[in-house]
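Protein chains: 2
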Amino acid sequence: MEKNAPIGVFDSGVGGLTVVREIMRQIPNERIVYFGDTARVPYGSKSKDTIIKYSRQIIRFLQGEGVKAIVIACNTASAFAIDTVQKEFSMPIIGVVKSGAKVAVDTTKNGRIGIIGTEGTINSGMYASFIKAQNPNAEVIAKACPLFVPLVEEGMLDDTITEQVAGRYLTALKNENIDTLIMGCTHYPLIKSTIQKVMGEGVNLVNPAYETSIELKRLLETEGLANVCEVDSPTLMYRFYVSDAAEKFKDFANSILPFDIKTIEQINIEKY
Amino acid sequence: MEKNAPIGVFDSGVGGLTVVREIMRQIPNERIVYFGDTARVPYGSKSKDTIIKYSRQIIRFLQGEGVKAIVIACNTASAFAIDTVQKEFSMPIIGVVKSGAKVAVDTTKNGRIGIIGTEGTINSGMYASFIKAQNPNAEVIAKACPLFVPLVEEGMLDDTITEQVAGRYLTALKNENIDTLIMGCTHYPLIKSTIQKVMGEGVNLVNPAYETSIELKRLLETEGLANVCEVDSPTLMYRFYVSDAAEKFKDFANSILPFDIKTIEQINIEKY
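Chains A and B, in that order, give the protein sequences. Each residue of the first sequence is one higher than the one before, starting from 28 at the first, in this note's numbering. Each residue of the second sequence is one higher than the one before, starting from 28 at the first, in this note's numbering.
Since the hints were derived computationally from the structure, they do not count as laboratory data. There's no promise every hint is true.
Which copy? The list can't say, so a pair holds if one copy fits it or any two copies do.
DSS-like mimics (lysine-lysine), calculated; alpha carbons at most 27 Å apart, straight line [unchecked claim]:
no. : residue 1 : residue 2
1   : Lys129    : Lys114
2   : Lys219    : Lys298
3   : Lys170    : Lys277
4   : Lys114    : Lys80
5   : Lys289    : Lys75
6   : Lys80     : Lys275
7   : Lys170    : Lys75
8   : Lys298    : Lys80
9   : Lys224    : Lys136
With the sequences and hints as input, model every part of the structure.
The following block contains the structure:
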């Protein structure tokens, strides 16, 4: 596998761009091919079988793009599909859920860890099982927050309504005296300050996007896959694909990435 | 075509059940086959081409179930796909958008009509063009309300947060002095009282689900397709299909239909 091959990153839609942003920060000389499954978003309410099928299709597409490793940036796909696809494909595949869980275990002092995410992520119990595997004594308190994604996508990042919704969702977690909270959905870091405000400064927020990019960096070095070539311009280094209309994706991408995306290609993911 | 063949009704997910509820009320002796595309929900953010493709697949599936007429209960699909599928298929197909637009034109006194819906419905401009076709002097003021669907699906039907969100979305419409407002999304009738409260009693709310079931009744009579046979139990009269996990669908269905659904079948819609 060529060292200067790109990293494949995928998500159900735009949220995974927060992971891309972290990878760009942590390993700025790696090329990236991103796929956002905007035709089939959201994954959070879909079944495990469906998510595994979608993940297989996307990985086959990314393989065709010549990637050297894959990051599942979507929490739901990472929770439901990672064990299956790690067995089925030979290239290194990492996901946000395992990375986030590991850091939460390392961070907590009182052993009480909260997790917020979509219904799919929370119902999968995957964060909890990764945490328990590392620290059987940890207490895990999970809460699905289905309104956070649409609020972020409405651009209501710093908004009294978002704060009230956060208040509703997070009160139960506050009362459970957690000291660490995993933001188990890629959209959530964009309302981190609101979540922190509601939870209070005493609670550590874990951002799996950040942790995953650190793990990716380590993995590439260990496997001898780190890129050692010259870096190009963003236009050449980063390629973006979606499964449906690209306009809204572009607006969102340009609001969170450090440069403006010029072209986004639409592909028919059902073919893969 | 057999008179006692069922009506096919489809939607992107659970919302079309508000249309089913109205059909059950208006024409209680008609059998219904419902398909909810829960694997590919929501349609509101997807492109016209994708929505047409999905609609074709669903109509082919419903044809196989032997339906005598089809109701597109999804506003987005009704807006994007109805002209295309009416040309491609020979059976009668009606959609919520045309029915809703017609009644709004008949209802308004000052000629100022508001429309709320998902981004797909609003951006299609279809309600506006149907209204203009019937009354070129009508003023149409449209507003996308993307948070309403997730709020309804969270069960926040009578809630201060929903009221604040409604206040944000609807203020612009209020200031435009409309006297008629089309609830252009199947979920919205479930927060009708909140919408009415924000808009004030002077504004007539049009529920296309209701208007569509009246139009369907008329159509079946005109075409000689109305069922004249004995009615069965709900279990035999109504069949429900989804494209992904049925549990959440069942909970929602049982909260809005007049009887509890026992079985929901999952099918692979991609095959059609």
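For each hint, the structure was consulted:
no.: 1; hint: Lys129 to Lys114; result: within (21 Å within a copy, 56 Å between copies)
no.: 2; hint: Lys219 to Lys298; result: neither (37 Å within a copy, 41 Å between copies)
no.: 3; hint: Lys170 to Lys277; result: between (30 Å within a copy, 22 Å between copies)
no.: 4; hint: Lys114 to Lys80; result: within (14 Å within a copy, 33 Å between copies)
no.: 5; hint: Lys289 to Lys75; result: between (34 Å within a copy, 23 Å between copies)
no.: 6; hint: Lys80 to Lys275; result: both (25 Å within a copy, 20 Å between copies)
no.: 7; hint: Lys170 to Lys75; result: within (19 Å within a copy, 35 Å between copies)
no.: 8; hint: Lys298 to Lys80; result: both (12 Å within a copy, 14 Å between copies)
no.: 9; hint: Lys224 to Lys136; result: within (20 Å within a copy, 49 Å between copies)
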